[in-house]
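A.B. asks: Now for the letters of each chain:
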Amino acid sequence: MKLDPKIPSGPLTEKWNHYREHVKLVSPGNKRKYKVLVVGSGLAGASAAASMGELGYQVECFCYQDSPRRAHSIAAQGGINAAKNYHNDGDSAFRLFYDTIKGGDFRSREANVYRLAETSVRIIDQCVAQGVPFAREYGGLLDNRSFGGAQVSRTFYARGQTGQQLLIGAYQALERQIGLGTVKMFARHEMLELIVVDGVAKGIVVRDMVSGKIESHMADAVCLASGGYGNVFYLSTNAKGCNTTANWRAYKKGAAFANPCYTQIHPTCIPVSGDHQSKLTLMSESLRNDGRVWVPKRKEDRLKHPSSISEADRDYFLERKYPSYGNLAPRDISSRSAKEVCDEGRGVGPTGLGVYLDFADSIKRLGKQKIQEKYGNLFEMYERITDENPYEVPMRIYPAVHYTMGGLWVDYELMSTVPGLFVLGEANFSDHGANRLGASALMQGLADGYFVLPYTIGNYLANVKPSDRPSADHVEVKKAEQNVQSRIEKLLSIKGKTSPAHFHRELGKIIWDYCGMARNKEGLEKAISLVQDLKKRFWSDVSVPGSGQSLNQALEHAGRVADFIELGELMCRDALQRSESCGGHFREEWQTPDGEAKRDDQQFCHVAAWEYQGESQEPLRHEEPLHFENVELATRSYK
Amino acid sequence: MKLKLKVWRQPDAQTPGRLVDYLAEAKPDMSFLEMLDVVNEGLIVKGDEPIAFDHDCREGICGSCSMVINGRPHGPRDRTTTCQLHMRSFEDGDTVVIEPWRSSAFPIQKDLVCNRSSFDRIIASGGFISAPTGSAPDANAIPIRKSDADRAFDASACIGCGACVAACPNASAMLFVSAKISHLGKLPQGQPERYTRALSMVEQMDAEGFGSCTNHGECEAACPKGISVENIAQMNRDFLKASVSKRPEVAAGGAG
Ligand SMILES: Cc1cc2nc3c(=O)[nH]c(=O)nc-3n(C[C@H](O)[C@H](O)[C@H](O)COP(=O)(O)OP(=O)(O)OC[C@H]3O[C@@H](n4cnc5c(N)ncnc54)[C@H](O)[C@@H]3O)c2cc1C
Ligand code: SF4
Ligand code: FES
Chain A
1 MKLDPKIPSG PLTEKWNHYR EHVKLVSPGN KRKYKVLVVG SGLAGASAAA
51 SMGELGYQVE CFCYQDSPRR AHSIAAQGGI NAAKNYHNDG DSAFRLFYDT
101 IKGGDFRSRE ANVYRLAETS VRIIDQCVAQ GVPFAREYGG LLDNRSFGGA
151 QVSRTFYARG QTGQQLLIGA YQALERQIGL GTVKMFARHE MLELIVVDGV
201 AKGIVVRDMV SGKIESHMAD AVCLASGGYG NVFYLSTNAK GCNTTANWRA
251 YKKGAAFANP CYTQIHPTCI PVSGDHQSKL TLMSESLRND GRVWVPKRKE
301 DRLKHPSSIS EADRDYFLER KYPSYGNLAP RDISSRSAKE VCDEGRGVGP
351 TGLGVYLDFA DSIKRLGKQK IQEKYGNLFE MYERITDENP YEVPMRIYPA
401 VHYTMGGLWV DYELMSTVPG LFVLGEANFS DHGANRLGAS ALMQGLADGY
451 FVLPYTIGNY LANVKPSDRP SADHVEVKKA EQNVQSRIEK LLSIKGKTSP
501 AHFHRELGKI IWDYCGMARN KEGLEKAISL VQDLKKRFWS DVSVPGSGQS
551 LNQALEHAGR VADFIELGEL MCRDALQRSE SCGGHFREEW QTPDGEAKRD
601 DQQFCHVAAW EYQGESQEPL RHEEPLHFEN VELATRSYK
Chain B
1001 MKLKLKVWRQ PDAQTPGRLV DYLAEAKPDM SFLEMLDVVN EGLIVKGDEP
1051 IAFDHDCREG ICGSCSMVIN GRPHGPRDRT TTCQLHMRSF EDGDTVVIEP
1101 WRSSAFPIQK DLVCNRSSFD RIIASGGFIS APTGSAPDAN AIPIRKSDAD
1151 RAFDASACIG CGACVAACPN ASAMLFVSAK ISHLGKLPQG QPERYTRALS
1201 MVEQMDAEGF GSCTNHGECE AACPKGISVE NIAQMNRDFL KASVSKRPEV
1251 AAGGAG
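First to last, the protein sequences are chains A and B. 1 is the number of the first residue of the first sequence in the numbering used here; add one for each residue after it. 1001 is the number of the first residue of the second sequence in the numbering used here; add one for each residue after it.
Fair warning: there could be bad hints in the mix.
Taking lysine-lysine and the DSSO-like style, the derived pairs with C-alpha atoms no more than 27 Å apart in a straight line are [to be verified]:
no., chain 1, residue 1, chain 2, residue 2
1, A, K490, B, K1004
2, A, K479, A, K526
3, B, K1004, A, K497
4, A, K304, B, K1046
5, A, K297, A, K526
6, A, K479, A, K184
7, A, K84, A, K184
8, A, K478, A, K465
9, A, K478, A, K497
10, A, K252, A, K639
11, B, K1002, A, K497
12, A, K35, A, K465
13, B, K1006, A, K240
14, A, K535, B, K1046
15, A, K535, A, K240
16, A, K297, A, K321
17, B, K1146, A, K497
18, A, K521, A, K495
19, A, K497, B, K1027
20, B, K1027, B, K1046
21, A, K253, A, K102
22, A, K213, A, K35
23, B, K1146, A, K364
24, A, K368, B, K1146
25, A, K509, B, K1027
26, A, K479, A, K497
27, A, K598, A, K102
28, B, K1006, A, K84
29, B, K1046, A, K370
30, A, K465, A, K497
31, A, K509, B, K1006
32, A, K240, B, K1146
33, A, K495, B, K1146
34, A, K6, A, K465
35, A, K240, B, K1046
36, B, K1004, A, K509
37, A, K536, B, K1046
38, A, K478, A, K252
39, B, K1002, A, K240
40, A, K495, A, K465
Think of the hints as simulated: they come from the structure by calculation, not from any bench.
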């Protein structure tokens, strides 16, 4: 397998312009002969499907929810970055590029990240034109706030519901194309297999989740925008249905999986309350603009009422350790610091796994009303879940799994190692290195869908003949359908004693314990054997009642858990091989004396991309070296 | 706490359904859906089919969850989706009746799951601003009064859940449709299509078989996002104006 990132030559700031000016085009008359599939209707999928429909391609779009508007992107809260420099505070495309590269701990590709930073400004323009009601100032212009890992205010937001508003914008653009007939929508259709003919992606097999019918869709290109795999941990802030199935099927058909061990643990989530817990709730990072994070200095104070702990007895540990970024230190660093103080026995709340996020000072400074205006819905959500009023007592928060930087490997054109298979949004690995900065996933999803893929896909399609699309009775199509069918039959026929959810929880615990916030060799080796054992038990003892010919949520869940189990093993392998600490990947063996991540640029300044080798073989690890020509490889410091 | 559940079970769209009794054990800090998860796991290990229900974000934002609980869409708590409802809103020993949305425009697909694609078709008919990718001017080129942006936001907070329809004695979709018309109509970018939008969306709404509005106000009471019935008045004004001034479109090119 060859990993050619296809980075255009020329100076960093000119690469994308140059690419666009020289890329091959498909003429308007020919576009309608091409069929393109988009799996996913989140920010990446909806924006891509709508934009390609506008260009004139025949597009088919798939999602597992009952409506494309419900994709997981809807839940993003805090905001979206763009280097508009509307606030004259010194922002620029280069600064956003630099912050993202540094935030990612120097494990992402310069060219991709610069393109992202450059494109960011157009996204905001596009969204405003669609009617996205971003927050505004009294003069009628757009407002911004700050997010972690940045010293400028470049985050655009719509109260605490930015993802919802952006997705509604993209969804409406998509629905407009559906109305015009350029896009056909297949809601409640789950992709279960990729069709590859002569090494090229030519379609997908889906299951109609209501009738159970297995259908094949043939096309000239396939785009996966199926989101991240955070639910491998069972408990995460992702929507319950988020899964890795589309990506995993593609991996098994030859698409390399890059950096699976790079996962992000978000510092501000509501702590777990009991073992019935089905998911975790994020409290947006934007809260760290005005909330101060602390725990008691002494263990003995941990169960005291927070108001009875005097200023002198509190440890504002982020402000203490990272004076220049304070409460806005990046996510990986903030999460580890919270874990550290809890491991020391100073964590608060009944379980001891919690730290305070305190708004008392801001309420004093700005007034309750201002705080309510900025964060009202988040405070409400917190109160609903915990039954505590955060205007009066500090919130309790703890890190939780939130985002996955790893994903299918793609080149500069967003094409995977399978020609004709493009991957966008959280599903690819491309832009965030080993740690993503806040408010940049929405930016990346929309950049990929609105402004990158519509160009790069043309460059591919210009060399493809629509007449090469396989027919429904092609042997590869039949084989793919057969695979899907027999997997479903197998799951239904085991008739074991254990629910899919039970296996999922077990898997999540293994991955959280050994491949979570801190990892080490011994633990990872143990995890691999535990996961292998779990896989065996799953395939001999899972219970999936009902039939394949109707809506069957147990069957859907079982299929997803089966894929998560295999991915879990790959994550541990990847974490084991990467003998360094970087960003969200913290190997206990590699840390500085004060507990910060210690990279090994000599050996690991590369992307690790895994190639599937068959059921009983170990996967192959490939490397794509990373070259830094415009920034200096520095030790990340937020002190 | 222990509860008696009466849950609507229906194998598919064609087969008639009925209420089935279950016993549930719960803790006050569980969410309503977590209580159902426990019931479902019990069914699955016995080899029985779990109760099918829609859910995804479990944070009150995706609009998937859709249950009528004791006769009220999304249950007893105001401005709260089913997924955000906690068992502390119930008492030990309560009987809880759980049913799907009921409206001919939302046909039931299984148990508590229904088909709300009629809402998507209403949006496709005109619930957008035509702004093809790449055509936009600078985002700050048109200042928007903060109060207008805020009011547009209030309307665009709709999550498309359909509780308004489920609550309405006529199964009217006016609250949903009017929220979209207000969202886009409050913004300068939404003006060019304002009146055609009202006409097309209302026409599609009628075609989907939603009932008409006779001012019961049940929709606003059931809406988890506090969408106000004032939007309906605004929509009626836009619709009226549009109907009066409707003229045939002039084809591009012209005679000059
Ligand atoms: C609670 C929360 C808050 C966040 N807040 C922010 C924020 O403030 N700023 C920010 O930048 N980022 C934020 N993020 C991250 C960001 O929301 C996501 O990374 C981003 O929305 C992912 O978008 P996507 O389009 O790639 O995928 P998604 O939105 O996850 O969409 C995936 C799509 O794929 C479909 N799909 C998946 N599998 C299949 C299959 N097998 N078959 C068919 N369809 C399938 C789904 O139906 C869905 O339509 C947040 C994330 C969470 C969890
Ligand atoms: S108006 Fe309210 S009840 Fe109706 S769909 Fe929107 S959010 Fe749901
Ligand atoms: S599950 Fe998303 S709103 Fe209830």
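A.B. asks: For this structure, which hints from the list above don't hold up?
C.D. replies: 1, 2, 4, 5, 7, 9, 10, 17, 18, 21, 26, 28, 29, 30, 31, 32, 33, 36, 40
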